[in-house]
Amino acid sequence: MSALWVWGFCRIGLAFLLSFASLAGAASAPHSALKPVERRQVNLPTADFSLTDQGGKIFQFKNLRGKVVVVAFAYTTCPDVCPLITAALRQVQSKLTVEERKNIHLLTVTTDPEIDLPKVLTGYAKRYGAGLDNWSFLTGSETALKSVWQNFGVGVKRQGRGLVDHTPLTAIVDRHGMLRVAFIGSSPDVPAILNDIRSLLAER
Amino acid sequence: MHSFRVLRLCAVKRLSVHCGLVLIVLLAGCGRNERMDTVYTQRCLNCHGVSGRGDGPMAASLPVAPPDFRQTVEKKGNPQIRRLIADGKGLMPAFEPALSASEINDMLQMVRFLSREGRQISWWEKFDALVVAHCSIPWEAVLGYDEPSAEKKL
Numbered sequence: 017m018s019a020l021w022v023w024g025f026c027r028i029g030l031a032f033l034l035s036f037a038s039l040a041g042a043a044s045a046p047h048s049a050l051k052p053v054e055r056r057q058v059n060l061p062t063a064d065f066s067l068t069d070q071g072g073k074i075f076q077f078k079n080l081r082g083k084v085v086v087v088a089f090a091y092t093t094c095p096d097v098c099p100l101i102t103a104a105l106r107q108v109q110s111k112l113t114v115e116e117r118k119n120i121h122l123l124t125v126t127t128d129p130e131i132d133l134p135k136v137l138t139g140y141a142k143r144y145g146a147g148l149d150n151w152s153f154l155t156g157s158e159t160a161l162k163s164v165w166q167n168f169g170v171g172v173k174r175q176g177r178g179l180v181d182h183t184p185l186t187a188i189v190d191r192h193g194m195l196r197v198a199f200i201g202s203s204p205d206v207p208a209i210l211n212d213i214r215s216l217l218a219e220r
Numbered sequence: 053m054h055s056f057r058v059l060r061l062c063a064v065k066r067l068s069v070h071c072g073l074v075l076i077v078l079l080a081g082c083g084r085n086e087r088m089d090t091v092y093t094q095r096c097l098n099c100h101g102v103s104g105r106g107d108g109p110m111a112a113s114l115p116v117a118p119p120d121f122r123q124t125v126e127k128k129g130n131p132q133i134r135r136l137i138a139d140g141k142g143l144m145p146a147f148e149p150a151l152s153a154s155e156i157n158d159m160l161q162m163v164r165f166l167s168r169e170g171r172q173i174s175w176w177e178k179f180d181a182l183v184v185a186h187c188s189i190p191w192e193a194v195l196g197y198d199e200p201s202a203e204k205k206l
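From first to last, the protein sequence lines are chains D and X.
Here the first sequence is numbered in the numbering used here, starting from 17 and rising by one per residue.
Here the second sequence is numbered in the numbering used here, starting from 53 and rising by one per residue.
Keep in mind the hints are simulated off the structure, nothing from the lab.
Source: prediction; values computed, not measured.
Don't take each hint at face value.
Said to hold, decoys possible - Here's a subset of chain X near chain D, in silico, CB distances under 8 Å, partners left out: (1) C96; (2) A146; (3) F147; (4) P149.
Claimed, not checked - Think about it this way: if two alpha-carbon atoms lie no more than 30 Å apart in a straight line, the pair counts; the simulated DSS-like pairs of lysine-lysine are: (5) X:K141 / D:K111; (6) D:K135 / X:K128; (7) X:K141 / D:K173; (8) D:K142 / X:K127.
Claimed, not checked - From chain D, some residues computed to sit far from chain X (all C-beta separations above 12 Å): (9) R55; (10) V58; (11) G82; (12) R143; (13) D149; (14) S163; (15) Q166; (16) R177; (17) R191; (18) R214; (19) E219.
We put the beta carbon where it would ideally sit given N, CA and C, even for glycine.
One chain only, chain X, in its complex shape (with noise of 0.2 Å):
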């Protein structure tokens, strides 16, 4: 009876502390990093601007201007972005060919970010911003084995 409560107690800590690691890492990797802004500014920036705002150099020159974060990615989900990144449209390249699926993840994100600046953001978007810096988490790294989608994209 004993050595039981003694195992639950230790099964309960164990839990807690893995709770407790998973919620640091989460929130670690909700703001903006410096692989979000590489990607963006390398891939993104000439059309859609700093902040999202589709006031990039370039934009000027495209046949239709292009869209502020802050209007349109809101409504759309996570999957639906990261096709519009994998896939292109109008005259935005297909960016699957040359990044991969972390990268494809890190735009998202930025994209995400950007979108949410200066505006009230609603809970399920918090939530929602948990649930990407979740995927982008290197869980090989921290777990110490590689992640199914990783594997297959190589």
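Next up, chain D with everything else stripped away, as it sits in the complex (with noise of 0.2 Å):
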């Protein structure tokens, strides 16, 4: 019983850390300068999820135990910041090596999933040239991803069709499963993540 109060207030602390960082920081919201992006240490448990990937295949978050995971949450039509995260995690993927994307793993986690089905994701993944083997494009139900956005303490509120209002994060996940290093903004740094992914990687 003890632990799961533990686990409540952990997850009620994040939401509103982050919560609270994303009235500063939100995508798409309109005609916004960017707001440089923050950095902050955490290390707070991720609860498991099921969604569907780019495939239309299942996708059990809980597979990825093991690997460092970099969860970035973003929508296909975002005209604001979304690109931008996407863009880096691209160049994080270039960056690591072969022996690294055996035990790292990306995932962007769609807030628009009325637009974002598997063939748009699939498009999306192609246009950015993300290679598959290790990163994932995710969408689902909308209670299924309302349970992930709020384990991620990522607020999202929908604008109109294709037009979505999120906190921008780029979170890093550790072997355990455990949420370590959480980036809040339009473009995080590609050095910064990763210094922290190969930080992660190198723990036992």
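Combine the two chains into a complex, taking the hints into account.
Encoded structure:
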């Protein structure tokens, strides 16, 4: 029971922390000059989830245990910061060695399931030249996604068809499923992400 | 003979009324309107800027500067621009999954409109504006039937 309480407090804390940040740097806020990216070190557990990947297959988060996971939240028709986040992840992926690619997985979780069907995500991945061996683009039902957004403390607010305000979060989860680093902002610093994932990779 | 002349006169009258109406609708549709402004503000302004000069609030953060419409749009045909909006390019999103054909057309018109600001436009560009405006008329409302392309899109 006490463990549940601790878990509950952790999630509330994370949600508060990130939602507060989201007010300052929400994606899709029109005409907003870009705020600098904020890097926060945290140590919070993440819950397992099940979504659908770009190929229409079921994706289970717990299957990535033992790997360092970079989780970004974006949507394909975003006219704001999401393209910068995805481009940053593409750069991260291109800088990984063959050995590192086996132990690091990238995830892009949509914040707009209405538009981002697996087919749309496939086109998006292709446009960015994403290697799908260690990068999955995830969608799912609104309910399934809501619990993932809440789990990572991402605020999502639909403004219209293909227009969504959301916390621009790029999170790094360690081998044990603990959320360790949160980048909140438009374009996470590629060397900083690489540095963080390599140091988490070195941990046992 | 007399009845034939009356019929012909009626046909000419009807035709001229139709032509007049079409011309009014075409000219009315050539300017900038609220729909165009809304779609541009929501989806394009952040990078392309208020005047389409590639100086939006996000432009400085992009790896490649967005184009100045006044220098690039003139050389492109409408189908080409429509395709760019629908499929995206570089970091520009593919808007087709989120926008209707008429919204993409509004975006195209706005891009054309901004590209003409502050420069001399040739006769064919004026003609082109008429063609684009013609395409964006809600014909189903004007004529009372559904436009085939709109139906297909749905």
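Now for the hints, and whether the structure bears them out:
1. C96: holds, 7 Å
2. A146: holds, 7 Å
3. F147: holds, 6 Å
4. P149: With a closest approach of 5 Å, the P149 of chain X hint holds.
5. X:K141 / D:K111: Distance ~23 Å between K141 of chain X and K111 of chain D Cα, so the pair holds.
6. D:K135 / X:K128: The hint holds at about 29 Å.
7. X:K141 / D:K173: holds, 26 Å
8. D:K142 / X:K127: Cα-Cα ~28 Å, so holds.
9. R55: holds, 17 Å
10. V58: V58 of chain D clear of chain X: closest Cβ-Cβ about 25 Å, beyond 12 Å.
11. G82: holds, 33 Å
12. R143: violated, 6 Å
13. D149: About 23 Å separates D149 of chain D from the closest Cβ of chain X, which puts it past 12 Å; holds.
14. S163: holds, 24 Å
15. Q166: Consistent with the label, Q166 of chain D stays out of reach of chain X, its closest Cβ about 25 Å off (over 12 Å).
16. R177: violated, 6 Å
17. R191: holds, 32 Å
18. R214: Fine: 24 Å to the nearest Cβ keeps R214 of chain D off the interface.
19. E219: holds, 32 Å
Checked against the numbered hints above, the structure breaks hints 12 and 16 and satisfies the rest.
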